[in-house]
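If you count the sequence shown from 1, you need to add 1496 to reach this note's numbering.
Hints are supplied without guarantee of correctness; some may be wrong.
Said to hold, decoys possible - The calculated SDA-like cross-link candidates involving lysine to any residue, where the alpha carbons are at most 20 Å apart (straight line), are:
(1) Lys2169 with Arg2086
(2) Lys1739 with Asp1758
(3) Lys2076 with Arg1659
(4) Lys1633 with Phe1608
To be verified - Quick list of simulated restraints, FRET-style, between CB atoms:
(5) Arg2222 with Glu1508: 50 to 56 Å
(6) Ala1499 with Glu1573: 32 to 38 Å
(7) Ala1499 with Arg1696: 23 to 29 Å
(8) Phe1507 with Arg1696: 25 to 31 Å
(9) Asp2041 with Gly1848: 28 to 34 Å
(10) Gly1848 with Ala1518: 43 to 49 Å
These are calculated hints, taken from the structure and not from any lab test.
Model, not experiment: these values are computed from the prediction.
Virtual Cβ for every residue (Gly too), placed ideally from N, Cα, C.
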Amino acid sequence: MYAKMAKRLLFETDKRLLWKLAYNFGFKGLIAVEKHKRRLKRDEFFPPFLYISIVNSCNLRCQGCWVDVSAKQQALELDRLDRLVSEAKAAGNAFFGILGGEPFMHPELLEFLGRHRDCYFQVFTNGQFITDEVAKKLRAFGNVTPLVSIEGSEIVSDQRRGRANVYSRSMQGLQNCLNNKLLTGVCTSLCQTNYDDLLREEWVDRLIEMGAMYCWYHVYRPVGPDANPELALTPEQQLAARKFVVEMRAKKPIAIIDAYYDGNGNAVCPAATGFTHHVSPWGDIEPCPIIQFATDSIDDRPLSETFSGSSFLSDFRRLAATSTRGCIVLERPDLLKNLVEKHGARDTTVRGTALAELEAMQSRPSQYNPGNEVKEKSWAYRFVKHYWFNDFGAYNDLATVEVGGNEAMDTNRPSVNGDSRTVNQNGHSTSTMREQVLTPASPIFDAERLLRAYETARDDLLSECTQQGHWVGELSSSALSTATAVSALSLVERHADVGRDGNPAKSAIDSVRIEIISELVCNGLQWLADHQNPDGGWGDTDKSDSNIATTMLVRAAFHLTAVPAHHDDLLQRADDYIKKQGGIAGLRKRFGKDKTFAVPILTNCALAELVPWSEVSPLPFELACFSQDMYRYLRMPVVSYAIPALVAVGQTRYWHRKPWNPITRIIRHFARKPSLRTLEKMQPESGGYLEATPLTSFVVMSLASMNLTSHPVVQHGVEFLLDSVRDDGSWPIDTNLATWVTTLSVNALAAGGENVSQLDCLDWVLSCQHKERHPFTGADPGGWGWTDLSGAVPDADDTPGALLALSNWMRCDPDGDSEKIRSAAKDGLGWLLDLQNNDGGWPTFCRGWGFLPFDRSGSDLTAHALRALHAWKQEGLDEVREPRIAPTEATETEPLEVRIESATGKGLSYLADQQRADGSWVPLWFGNQHRAEEENPVYGTTKVLLAYRDLGRFDSDQARRGVGWLLSTQLRDGGWGGPRPAVKKTPAPTTASVEETALAVEALLPASDRPEVARAIEKGLTWLVEAVESGRYRQATPIGLYFAKLWYHEKLYPPTFAVSALGHAVRALQDRAESAPCLTPSTST
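Generate the whole structure from the sequences, applying the supplied hints.
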């Protein structure tokens, strides 16, 4: 191996470059380390190697990057760089790591490298700026080794790095280096998506064949604003990677670096040992690149004084070296946080959220794996590391720690073994789980570990509660919403000075608002440009696959704003994607006969002059002139909650392309004004129909295109859009789901036995109940919508959620506010009973609308309704208000218990009919983009099983088949989510989600006495608990569906579902006999 490596160096490289490497890097580098050792003996300090991030900008958007690459460019000025390197050279240093961002985006990088030819620079780069000309200049300098980052296969590279054609462009840059005989390396950040592709002997052989002289296996570290713990390697994988590197070093003629170990295989942190520190693009001196805090700058005083006198850096080295041999950021973020606060270290990021990110991190293993050290097999590596890359005695005082749990030396860290707190940060009192008795052992899971995970998730959920006492959550930003808002505001801006007759008129929008609109349009377009998927399309959320609907809307937004010329490549890739998906035919295929969304999308495109008006189906907006009670009989071409789109889009189609039929033409002419009055009557106080940006935007753009910018509907709609835009220029799919996530949170806490009666949100939940007939759907009073805002509409998912929450309040405090709770529950139950369809199931909003899929009964809705009815059946509410539907003589006098019994029987029959042959159920309002037809049978099946659990029917045939289906779809990693691979081989990146895994675990718990179910629960709990311990359980997955196949994810879904599942699991391990009265099996959501 050594002879082959020597041969490669002699015959495959430029001899002058080889000499520069040997002298500047080899000889001078060894001298620098020896000087470092001597300084340490004199109690002086200056690291022998410096990482310097010279610029923050980058052309890629890599997953998990901690650098503010999208911020305004900050580059270390040439004179400051010169001064920095010159001072380091005076201390004996000669080797520097040049980082970014992307270093080659620094305008003076080549000038800088050329000025310091007596040094050696390793430039970490994606390679895409290394042209043949640049490579020739680097060869002329002779003091640079490019380290080109390759993150996996072409598909994986594009996904990991947020752009298209990343792999091919980086490989071209790499080839330019090799063609010019530069001493070139290839590095990768090992993670779950590239582990199997790059940790292979074939990959090393390919690098050798290409001419690479070394490769570097980093390990992905989930830090920064978009940390993704799911990408991180497991301890077993890190150990396997270490063994692979050691094996390859001993047999392959290529230098291989890994991060970081000494010759005996002990983990080493170069920052803890004092081998290196980091300088940011602003000149801040940080412990290492991923620790973005500093108290010192390169400009404060001479560099030698700064390094020797910095108490922050000194304390960091001492703390890191006495806490772990691995990465303190991963293993002990709590200790690092304390250190930052102790020294008042400043956040060196542009985003200003580094401390919050650190607080949000959960302890997780790094490369430190005591007892599994893998010694170097190569004598050359052992020799070099023994003398020049070791711990320099830093770890002599290392305390004995356990990776990941780690009670090392910090008395300020909250103890996981102490009592749980009983009051959260908002003053909410909760019952302590440690007051309850755990069984000493369990066939399912370790009780203590489970309890710690539950307490972590519970406390996180409580911390999300607002000062007002309820939860609000945060919906994902939406490319679809942003595109429609941009189109709507653009058309308002365009038609602001045009009267209804098409002639100039006094502006309907004042000049200040026009300026605001113009700015928001630009910001929205920039956000859209930054979030294009690698395939050229856009998905509804930042985590969604591309779809033709959203992509066509984004394309229309760019065209309407006359911006296309500035985004030629972006729009060309979008056009290619739309063409590949079938264009208009592909859009219609996606939505079928449901015109709720297809027609508004095509209308938007027609307004942008991308499709002819002949492709836009006319909508019978005259039907909106009938009374709301008649709507369900008219077989509308849109769903019940889209009447505003029917009116506005229908009128716009009529305005731009009149029907040839004279009768239809006359009817629609005279229906314009009365249907507009209906539209105005339906508009809520906020201006946003359903609080939804897309629906409101379609209405606004349609009316604006008809020169109706002065109409109150447009005026109020514009105000809604201006109020709901986010700071980054995007819009969410809806303002919020405050009522929904609050009742989810209450019910989840009740699942763990918490005394929810001590929460402060009871009055708020009661205030969300609708007390008057609703103008949007004509719904009678009594139901709850998804938010407390004026655009909410009562529905059959939020109403059961609220009823279950009220039931849990009553169980924990029967003598509290029982009268007002019972009164609200009576109205809610009556509303819910009146909504049941003739098929026995429950629809979302309106009884009897069954023509289109999203108006039909749903299994998830029906299961939820049955649980709410059952929870209140025992309360003895024998009176209920008059039903909305025409009552029979019997139902007028039937007590509530009898009505509930009858509705329950019909509902169970409906669920039995809806169960598929494989045992699953499919929900209406939740999906999974990785499954066929984008359905989510995991969500649907678990929700139905929870109803069977509550109703005492878990031994039924339907429940057993449902359990069997869940067992058959558990993924190999223990979670639930996308489809299970048919072929049993090394899996692709997991498609498991916290939301689906938590639901599945909770749904299976009642059958834990069956061995095969117990094993599945144990695997699922392991997955879920590890997700909590690592912090990845906070990562929301786009499983929510809104307004006919529009995706969203919600920040609070993972913690609420996790708290509910873990709470039920904890209670499954308790001695039921000692449970308090309010800890009986809860009716949690």
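Verification of the hints:
1. Lys2169 with Arg2086: At roughly 33 Å apart (the allowed maximum being 20 Å), Arg2086 and Lys2169 break the hint.
2. Lys1739 with Asp1758: holds (14 Å)
3. Lys2076 with Arg1659: Given pair Lys2076, Arg1659 holds - Cα atoms ~19 Å apart, limit 20 Å.
4. Lys1633 with Phe1608: holds (12 Å)
5. Arg2222 with Glu1508: 50 to 56 Å: For Arg2222 and Glu1508 the Cβ distance comes to about 53 Å; the hint holds.
6. Ala1499 with Glu1573: 32 to 38 Å: Because 47 Å falls outside the window, the suggested range is violated.
7. Ala1499 with Arg1696: 23 to 29 Å: holds (24 Å)
8. Phe1507 with Arg1696: 25 to 31 Å: This hint holds: roughly 26 Å between Cβ atoms.
9. Asp2041 with Gly1848: 28 to 34 Å: The hint (28 to 34 Å, Cβ to Cβ) holds, given that Asp2041 and Gly1848 are roughly 32 Å apart.
10. Gly1848 with Ala1518: 43 to 49 Å: Between Gly1848 and Ala1518, where Cβ atoms are some 45 Å apart, the hint holds.
Checked against the numbered hints above, the structure breaks hints 1 and 6 and satisfies the rest.
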